[in-house]
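> With chain L held as given, fit chain V onto it using these hints.
Chains as they are written, first to last, in this note's numbering: chain L, 1 to 471; chain V, 1 to 322.
Since the hints were made in silico from the structure, they are not lab data.
Among these hints, one or two may not hold up.
No more than 30 Å apart at the CA atoms, straight line, and that leaves these computed lysine-lysine pairs for DSBU-like [to be verified]:
#1 V/88 - L/438
#2 V/88 - V/133
#3 V/128 - V/89
#4 L/261 - V/89
#5 V/133 - V/89
#6 L/139 - L/108
#7 L/261 - V/245
#8 V/89 - L/438
#9 V/88 - V/128
#10 V/88 - V/136
#11 L/261 - V/240
#12 V/128 - L/261
#13 V/301 - L/261
#14 V/89 - V/136
#15 L/139 - L/261
Predicted model, so just to flag it, every value in this text is computed and none were measured.
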Amino acid sequence: MRNVFLVFRRDYLSYVTAWGFWLGLAALPILMVLGAVVGGFAANSAPVRYYTVIETGDTYSRQIEAEFDRSLSDSLRQARDQFSAIGPSVDDETLDRFLEEGGDLQPKFIQVDPPAESIDALRPWLLGEQLLDGPAGQKPLFAAIIVPTDGSDIQYWSEDVNVSELRLKVQRAARTISRVRVFADANLDPGIIDRADAAALRVREQRIRTAEEQVASGNEVTLADRAPFFVSLGIAYILWLMIFSVIQYLLMGTIEERSNKIFDTLLTSVRLPQLLAGKLGAVFAVTATMMSTWALLGSAGLAFGLATMSDEMSAPLLAALGAGFSPQIMIPAMISFILGYLMYGVIFMALGSLCDTIQEAQTLLSPLMILLMLPMIMIIVAFNDPTSPAVAISSWVPLFTPFVLILRMPTEPPLWEVIVQIGLMAVTTMAVLWLATKVYRAGAVHGAGVGDAVDWIKRLIPGMGPKQARS
Amino acid sequence: MTPHPLSMSHATKRFGSFLAVNGLSLDVPEGRIVGFLGPNGAGKSTSLRMALGVMTPDEGTALLFGAPPTQQTLSRVGFLPEERGLYKKMTPRSTISYFARLKGLSGRDATMRADELLETAGLEAFAKSRNSKLSKGMAQKVQILSTLAHRPDFLILDEPFSGLDPVNQQALEDLIRAEHERGATILFSTHVMEHAERLCDSIIMMAGGEKVFDGTLDDAYNVLGRGARIGVADNFDLGKALGEKGFRARRDTDDTDTYWWRVTLDNGMNAQDALRAAIETDAAINGFMPDETRLRDVFVKLAGHQDGPRNSSVTDSVEVAA
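Pulled out of the complex, with its shape left as it was, chain L reads as follows (with noise of 0.2 Å):
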């Protein structure tokens, strides 16, 4: 045992003293704070065009921007209802009145006069060679838009393909003043049309519990209802990022020790299973390390966070991490983990076994690192849909099971599914351990290279045969 624990503090400390250890640690924070102020640039920063409506009178100018004020109030709508849980809540009248003050909205498209009617003259503009005055200083003319007087389609003009927002506004604006002029065709108030949208039911998400959960916790649903599936999420992503990731130093780790020829001397010392746990172990303190890390770092903005919020919001908000953080998502997700990251952890380790070079190693891990994608697939998957019948297959194949169990819990799998799932994931991992073990032992004892994991992958396919065996 105290051998295991020097080969354990060796590897630790040479981990920890790296600076891709340092890196990696600052990684997750900075890329948060980036995220967040890159999001929140790339959303203030987009750049305002300017477009111009070329028709006889001013039918679609103005419904087309009436069309973007209409985004704009369902927009807000949405972002008021989606975090009516845990902010304040935003009455219509104070949203109608901020949308009537314009508040400090910048528009993405400003309408300008037509500098020229017809699309050759107006060439220059929108090819950019020649600028326009406008509210937001000289610009090129992003689009023209087009309305014949002969009844045909619209013309929509511009040198930028790939925005579409523009010209699905022109679109929705050509409907509006279709419905419209249908209407008044027919005799019918046109206005029936907002009347009849305004009329229209609100559906109201509820979430169906028992009769004594309903008493306490009423019908609405909350984010503590949404909190397991993002904590699985974020758990099942954090074990994919660590085994991608931190894991590797394994394999770095092992490499090393097979080039540096230090494998006899350690072998003298140490007995191979005491090396391997020490190595295992080492690897899982570091990853420990980052996500403690992590978690205070969390925890104290976290702390921070909720002794500056009112009680009203700061409740919903302990409610959702005690939801979140549950045993019943816990538990299988740190069985899963640990399971999950000493199955690719000994699979790593076997193959830096067998590599003198980092190129070596490159050669084994891509089918490795093909695999590790679907996981991730998996993910996306769950993200969008965790009961998808694609997430609760793979979550049958042990290699998967590690990640995918996780994204299920929230979904509450029937028991007996779990407990054999976590099961098969065991076994799968004490067969992966003692398969490793020996391919270690070839690799660090015998010598065996690249080429030899080759011979003995075409041993197990039919009809390629044996090489030759090892000398």
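Okay, now just chain V, sitting in the frame of chain L:
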């Protein structure tokens, strides 16, 4: 009876159809310096790895201090492998200390021992440098010091001189002698015969995966038959005269004014005895050239025809009771 530091009995190791070591039996008695000789690919390293339990023999046994290699017995052994390396990011001090701790020293003792060894080896200035910054010679010294750090009772050194310059080779020879004087038993493999001649009490020679010799240096020299050349000024029958004194001599090539006789030295005879006997015959001696039989010649004779693949035993072993 105290068990030998190393006893191997009919140890055999195969890699697929390749017979790396075939039925190796040997003893390394306590307090000896034993040379483990053989050409490249003779099976020396595989034998040593079996002795240390890094590899398990397919047949036969390997015992350290009378017991199979376990962590307990291995803690009395210091091993310097043929393929050596260091953790590049560690320092010499932490490297020596780490391996000493793995062998059972406490953290404090291991660090003190590392400092002591580095000072003795003149590396104290580099104690806290990264291993990657060391010259090759320095790195090899650190590896050797790591092997000695826990004051092992039995040192197994696999090709310890390879890669060292002559100055460091001499320093290592001195170190081996010092460890021997401390009481350590030493087994080292080499294919540089001069080191074995200068250091060893006895030698074990491997070729083609099999032991081809096991005995003292004198026994090894006798494998070739030693002799001396004695020149006389006239046509005196030295063969007949020496024959009466128990020596065998025959005419050899002649120079202009010297008639050379070749004397064969049997076991227990030496060249000085032959010269003394020749002088006693009243012959006019004007030349004396004792044969300089070297271990290299014995090595070439015993191991020189052992190249090539092997699947079964092809050699005869010469074993002399030590």
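> The structure should be examined with respect to each hint, and the outcome stated for every one.
Hints, verified against the model:
1. V/88 - L/438: holds (27 Å)
2. V/88 - V/133: holds (8 Å)
3. V/128 - V/89: holds (11 Å)
4. L/261 - V/89: Distance ~15 Å between residue 261 of chain L and residue 89 of chain V Cα, so the pair holds.
5. V/133 - V/89: Satisfied, since the Cα-Cα distance of roughly 9 Å is no more than 30 Å.
6. L/139 - L/108: Answer holds: residue 139 of chain L to residue 108 of chain L is near 13 Å, not above 30 Å.
7. L/261 - V/245: violated (59 Å)
8. V/89 - L/438: holds (28 Å)
9. V/88 - V/128: This hinted pair holds, its Cα atoms lying about 12 Å apart.
10. V/88 - V/136: holds (12 Å)
11. L/261 - V/240: Answer violated: residue 261 of chain L to residue 240 of chain V is near 62 Å, above 30 Å.
12. V/128 - L/261: The given pair, whose Cα atoms are some 22 Å apart, holds under the 30 Å limit.
13. V/301 - L/261: Violated. Residue 301 of chain V to residue 261 of chain L sits at ~33 Å, over the 30 Å cutoff.
14. V/89 - V/136: At roughly 15 Å apart (the allowed maximum being 30 Å), residue 136 of chain V and residue 89 of chain V satisfy the hint.
15. L/139 - L/261: Violated, at about 66 Å.
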